[in-house]
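Please model the complete structure; the sequences and the hints are all you need to start from.
Keeping their order, the protein sequence lines are chains A and B. Heads up: the first sequence runs through residues 1 to 511, numbered per this note's numbering. Heads up: the second sequence runs through residues 1 to 284, numbered per this note's numbering.
Hints in this document: simulated from the structure, not taken from any laboratory. Don't be surprised by glycine CBs; every beta carbon is placed ideally from N, CA and C. Careful: at least some of the hints might be erroneous.
Covered by chain B, per the in silico footprint, the following chain A stretches (three or more residues, Cβ under 8 Å) [to be verified]:
1. 171-185
2. 238-247
3. 360-374
4. 435-445
Beyond 10 Å from chain A on every Cβ pair, some chain B residues (computed) [what the hints assert, rightly or not]:
5. PHE69
6. ARG109
7. ASN151
8. SER248
Once the Cα atoms are required to be at most 16 Å apart in a straight line, the calculated EDC-like pairs of lysine to aspartate or glutamate come out as [what the hints assert, rightly or not]:
9. B/LYS145 <-> B/GLU165
10. A/LYS219 <-> B/ASP161
11. B/LYS90 <-> A/GLU170
12. B/LYS90 <-> A/ASP400
13. B/LYS84 <-> A/ASP63
14. A/LYS59 <-> B/ASP86
15. A/LYS288 <-> A/GLU275
16. A/LYS129 <-> A/ASP400
17. A/LYS165 <-> B/GLU97
18. A/LYS429 <-> A/ASP400
19. A/LYS165 <-> B/ASP102
20. B/LYS187 <-> B/ASP161
21. A/LYS124 <-> A/GLU323
22. B/LYS79 <-> A/GLU479
23. B/LYS105 <-> B/ASP177
24. B/LYS83 <-> A/GLU111
25. B/LYS79 <-> A/GLU111
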Amino acid sequence: MRLSRGTFQAVLKGRKLLEARQPASLRKAYATNLPGEDGFDPVKRAASVLKRDIVRLRKQIGDFFGLEPLFTSPTRDIDEPHHFYSWQSHCDVLIIGGGVVGCSIAFFLLENFPGSMNVTILEKDPTYKRAATTLSCGGLRQQFSLAENVQMSRFGAEFLRQLPKRCAVEGLDPPDVQFHPTGYLFLATEEGAEQLAANHDLQLDLGVKNVLLTREQLKARFPWLNTSDVALGCLGLENEGWFDPWSLLNALRTKAIALGAHYVQGEAVGFETREQPDVLIAGADNSKPYQRLDKLVVRLADSERRTISFGHCVLASGASSGEIAAMANIGSGDDMLAFPLPVVPRKRYVFNVHCPDGPGVDLPFVIDPTGTYVRREGYGGHYICGRSPPEGVPEPSTADFDVDPEFFEAHVWPQLAHRIPAMQKLKVKSAWAGHYDYNTFDQNGIVGPHPYYYNLTFATGFSGHGLQQAPAVGQAVMEMLIEGKLSTIDLSRFAFDRVLLDERVLEHNIV
Amino acid sequence: MMSYSTMSAISRQRRAVQYLATSSRSFNAAARDKEPVEQSNPVENQYYKWRKPWTEVDGYQPSQIGLFFPHGANVNFLKIMQKKYDFSPKGFMNWVEKMKLDREKFRQRYIPERHRILGPDLATAHFIVFRGGSVRFHNGNKWIKEDEEGNMNLPSNFVPDVHLEAVDASNLNLMYDALQNFVFLEKLKWLSFANNKYLDDWFLDKLSGEFNALEYLDISGCKRVTHKGISILHRLENLKELHVADMSSEVEFKLACLSLQESKPQLEIRGLDLSDAEGDENKN
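Here it is as structure tokens:
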């Protein structure tokens, strides 16, 4: 720590000078580390760090000898008001975005390598009012057409089952995601039946348990279902249903913080780069010296700006990932930096309806050939339903979180009533809108390092499936960072490279 | 293109082949260390070809240190070194408990050889009787149980046309992974998992997707089951009798049982304590 002359004199004169009101110029003289940083008092900072160390030592001694703990809350670090002196100015791994994907990455890093690295999660809204995670339906299914998606969801289901043990924090109740097993029922018309059967074959190969049902079998099993235009259906028999996203997020976040992750509230507003002339990137135009992503500029709640220096950065900020990637010149540079991150927010509505004559407990999570979905909520005749806007209908504006009142009557209700005739009589009880990270390129997740910035990893663009794929993504990013390769699920097709190569990896939706 | 019913039938056969051929799949790290995970990704990994590390590019002269690390860094060693070991007495007791649980889980695992040699029915019978449960076959009236000398009275080779009709696994404390042993029991009608402390909603989810012919199910005394597990039992199409004595006392649990009863008129639910619910009705 370089002390300027003014600081040295102040320390010699004693604390009286420090306690008096100081002019800004003198305060700036107490700056630590590098010039240009905000100035603050080095003696107070040293004292606060010492105090925290003594408290931690006392806690460790107390734990060993079984003494009464001084503080009863194991999550005190979260409740502590954010101190200037405890600002994470440096970290090893910076995770931009504290949603379920970001917290999952932090959890997996620290579960496997506790105490080894400084993992910092940056989140702009700790109440998660507008996060895609908490506004999600919470569905979990393995009925995808891509092997990676199926494997990720299976991993997710396995993880959710083991969650009470893996995310248990001493002193708190073991977390529970409230998993409602229902099974997904995908319906296909004549055109889409072959695709559905092919998907089913792939899922069988990967160990998923589901069953193909003909029209007659569907009619026998689900008498309330209108099968007039349905040729084939696929019913999931295991590990499919819905769960509470907030419980999963809370469990991962609490456990990550208990394992030592630093949770910082702030909004990312820019990157600072540092020149590294000795670095050459394979495949890039190396005529200009390499600019490494060095720091993230963060704007705090009170509009103050600070920086976090990181060793590695993981971009998991959901709907705003595209904007943050643009701050790192991704999309506005040349050569490899000419390709932007194709993630934009998309608004989707979810409706809670009440239908007194609707199907009972035998209603699975039904997915109509048009994409309309419906599931049961509770036992009082409430249902959750929704639909992506059909082709030709413009996408709702992502400027706000308001629900379009005509969307339900125009697009959801007719299809719902056609599929389940008992739902012709229903009443909308409530509705909400959420923004999720939509990958405009091929609607599948982007998980992997950026080809130019070697210390930037993406974990975003899941287009509505981020919640169920979060545990698998956490495991994958952990493997990428530590091992350098993927050993559990091969997600190499989901790397950002496919955007450069213009090779789409598409999910084949059932028509 | 073949008819959809043929597709459905063929898919069941393929499931059979798959279950008998492969051992239990698990993405758990511990299991990954024991057995290699088969990556059945049908598409070849092409995108990382141009991301070869420098050490693998043609013409690169490898350094001698590479001889000591032919497969790259050993992550398991890193994990072992990084783990925070708790050497306090309490930590030791936690470790002992965890070891006991892991050992029990290992003992209850699916063994593919057993199913390959004996077929699904006899293999499950061996699994249950070995642990102290009892089974009954469809062509006999006797319950087969392990006797005092330890004889199981079960054939140890494959016998065709022998199907399980009833399995009594009560008080055996079988875990979720043990359910992998209960596959392709097409004629199983009677099943009891009473007083199983590990039985929860995930267990019922797996159970309800497996036994099409089941008519009697006893899950009394399993405290971990909630209303969510009860609702999924509608998947058992032929279920006629369900025992739910001495389980959760929540209102939603009773509500779920009643909803299940409503959707399945032929189902009889025994052991449900509706005294509180009736009291509320009288108040209203």
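Numbered hints the structure breaks, given as an ascending list
4, 10, 12, 18
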